[in-house]
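Undergrad: What follows is the residue order along each chain.
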Amino acid sequence: MNKDILVIGGGIAGMQSSLDLADMGVKVHLVEKLPSIGGKMAQLDKTFPTNDCAI
Amino acid sequence: MLDVGRHPNISLMAYSEIEKVEGHEGNFTVTVRRKKRYVDEAKCTGCGACAEKCPTSVPDAFNTGLGTRKAIYSYFAQGIPSTHTIDPDFCRQLNGKKCGICQKTCQADAIDFDQEDKIVELDVAGIIIAAGYDVFDPSQIPEYRYSELPNVLTALEFERLLSASGPTDGHLDLPSDRAVEAEIKALEKKIGKSKRMLEKFEKKFDESSKQFYEKYNKGDYSDDKDRKKWADKYAEYLAIMEPLEDLKKKAESFTTAKRLAFIQCVGSRDFRFYPFCSGYCCMHSIKEAIIAHEHENETTSRIFGMDIRAIGKGFEEYKIRGGNNSNITYVRGRVGEISQGPNNNPVVTYEDTHERLVKSQEFDMVILATACVPTIGIIELAKILGVELDKYNFIKTSPFSPVDTNVPGIFACGCAGAPMDVPESVAQASSAAERAAEIAIQLRQVQNVQF
Ligand SMILES: Cc1cc2nc3c(=O)[nH]c(=O)nc-3n(C[C@H](O)[C@H](O)[C@H](O)COP(=O)(O)OP(=O)(O)OC[C@H]3O[C@@H](n4cnc5c(N)ncnc54)[C@H](O)[C@@H]3O)c2cc1C
Ligand code: SF4
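Which chain is which? The protein sequence lines are A and B, in order.
Going by my numbering, 113 is the number at position 2 of the first sequence; the sequence numbering is gapless.
Going by my numbering, 411 is the number at position 309 of the second sequence; the sequence numbering is gapless.
Please note: incorrect hints may appear among the correct ones.
Capping the alpha-carbon separation at 25 Å, the derived lysine to aspartate or glutamate pairs in DMTMM-like fashion look like this [what the hints assert, rightly or not]:
1. A:Lys144 - B:Asp216
2. B:Lys360 - A:Asp163
3. B:Lys292 - B:Asp334
4. A:Lys144 - B:Glu124
5. B:Lys200 - B:Asp142
6. A:Lys157 - B:Glu398
7. B:Lys415 - B:Glu400
8. A:Lys157 - B:Asp162
9. B:Lys312 - B:Asp322
10. B:Lys292 - B:Glu309
11. A:Lys144 - B:Glu218
12. A:Lys157 - B:Asp271
13. B:Lys206 - B:Glu154
14. A:Lys144 - B:Glu223
15. B:Lys295 - B:Glu316
16. B:Lys360 - B:Asp271
17. A:Lys144 - B:Glu526
18. A:Lys144 - B:Glu309
19. A:Lys157 - B:Asp275
20. A:Lys138 - B:Glu540
FYI, nobody ran anything at the bench for these hints, they're computed from the structure.
Please model the entire structure based on the sequences and the hints provided.
TA: As structure tokens, then:
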């Protein structure tokens, strides 16, 4: 039995899940179908409600 | 993003797809197809020299088609990994033509036209689905004429125009003007070629083309074959020059968009398409209007909606701030039609439900707040995983266990499960991580006891 976790999709949700698990010491395999991670948020200029840069 | 790429506990497989999943909670076997990029991930440094030299331009999906990229590309400048990818649909070499320029350029020897897909098998205890969403295609709404009117955009397209790293360097250039500028560029290229050809004749006969052409038209040199060719070429030149001059004159008056209309609930809260509220689009219209005003402070925006849904920490205040400081007015009413006005300006016809009047107003640009819809490929992915979808094809979860799917050990978060904004996606993501960690960490404890 293995104790790794698979995350499908590297948008903000997949990245956050992966980082949380990795910080808990769990090994994560993150699979993204596009050439780079980032998802829709990477395409946004800034994000509400703080207008921080999206990337 | 950078942290994800660097974390020692995260193994990142981009440009990859899930092919098969077997097993159960605590013990899944997953088959992943790592698609061939035709670029060796271990060697590519992401320097971009290949893309600079590649002769093939392709619409850039990251910029929602508003800009171009090359057939060898990195998905976006700051993308992780920065490994470049060759687009097999457009690459000249992969389509039987002679090229291979990228291979000759690459100092790291990373280009590999013979690369094959790789199949990887993983053993995992749990799975999190974070496959996100797509934006609704507004061309399905005929009265908004998105495909016909160049200055009617989706909100995602507008984000790319606002972005300093986008196709217009953050300027709100009108798509209709950009089309004219592209035409000017194409004609200038043609005129350059034509001029070079004329210069050859001018050198040979030691006369300017204009002078020659006047004489030629009077009937001189009528039997001279070479001069006939020259005359034809000069006529061709004039036929390009005239429209080019007209377009250039037109381009002198081009300005950026300053009168903006935002139309809410495009595909959402619409019984023809999706009856649900997508939740975040009222807020992103306000945000986009605030940023547009930051870029140029004479910008005015009108946001047309049935109501403005600003539900979240600090959201209502944000909406009010937009109204007070950023020239935004909120119009209660649903837009019935967008039509073509003068100079490609879209005209919005709407019912003002306060005054109970039907009104029309002309804008420079109209931005459609399109619905959040299930991502392409979600049906196949759900089948592979054995998870149920809801009636819209989002991953089925329940209000009281919002990240659990019907399969134990498989969780969902973010817009894969339902439309939601970034703060909620992040909260769900942490929640799904915690649910998955319960399985992984329990197993670790069991195994520690055994060994
Ligand atoms: C115009 C616009 C502006 C917005 N502005 C804001 C804002 O300012 N603030 C805010 O809070 N929210 C905003 N949002 C909402 C925000 O985009 C979403 O809340 C957020 O991106 C959801 O993240 P996600 O990770 O769930 O999905 P996505 O960002 O869609 O990520 C999903 C990832 O999964 C990948 N994927 C899909 N299918 C598969 C598969 N089968 N296998 C592997 N990988 C797969 C995708 O390629 C993608 O990388 C905006 C939305 C729009 C449309
Ligand atoms: S968030 Fe606003 S624009 Fe989006 S669907 Fe809901 S009400 Fe309509």
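Undergrad: Quickly compare the C-alpha distance for lysine 360 (chain B) and aspartate 271 (chain B) to 25 Å and report which way the hint goes.
TA: 16 Å, holds
Undergrad: Measure nothing beyond the straight line between the CA atoms of lysine 360 (chain B) and aspartate 163 (chain A); if it is 25 Å or shorter, mark the hint as holding.
TA: Holds. Lysine 360 (chain B) to aspartate 163 (chain A) sits at ~23 Å (cutoff 25 Å).
Undergrad: If you draw a straight line from the CA of lysine 144 (chain A) to the CA of glutamate 309 (chain B), is it 25 Å or shorter?
TA: Violated. Lysine 144 (chain A) to glutamate 309 (chain B) sits at ~62 Å, over the 25 Å cutoff.
Undergrad: Between the alpha carbons of lysine 144 (chain A) and glutamate 526 (chain B), is the straight-line distance 25 Å or under?
TA: The hint holds at about 23 Å.
Undergrad: Given the hint that lysine 200 (chain B) pairs with aspartate 142 (chain B), does the C-alpha gap stay at or below 25 Å?
TA: 21 Å, holds
Undergrad: Starting from lysine 144 (chain A), check that the Cα of glutamate 223 (chain B) is at most 25 Å away, please.
TA: Holds: lysine 144 (chain A) and glutamate 223 (chain B) sit about 16 Å apart, inside 25 Å.
Undergrad: Starting from lysine 144 (chain A), check that the Cα of glutamate 218 (chain B) is at most 25 Å away, please.
TA: Holds, because 16 Å separates the two Cα atoms, which is no more than 25 Å.
Undergrad: Given the proposed pairing of lysine 415 (chain B) with glutamate 400 (chain B), does the C-alpha separation stay at or below 25 Å?
TA: 29 Å, violated
Undergrad: Has the given pair, lysine 292 (chain B) with glutamate 309 (chain B), been kept, meaning a C-alpha gap of at most 25 Å?
TA: 22 Å, holds
Undergrad: Are the Cα atoms of lysine 206 (chain B) and glutamate 154 (chain B) separated by 25 Å or less?
TA: 12 Å, holds
Undergrad: Under the criterion that the straight-line Cα-Cα distance not exceed 25 Å, is the pair lysine 157 (chain A), glutamate 398 (chain B) satisfied?
TA: 16 Å, holds
Undergrad: Below or equal to 25 Å on CA atoms is what counts here, so check lysine 157 (chain A) against aspartate 275 (chain B).
TA: Between lysine 157 (chain A) and aspartate 275 (chain B) the Cα gap is close to 19 Å, so the pair holds against 25 Å.
Checked against the numbered hints above, the structure violates hints 7, 18; every other hint is satisfied.
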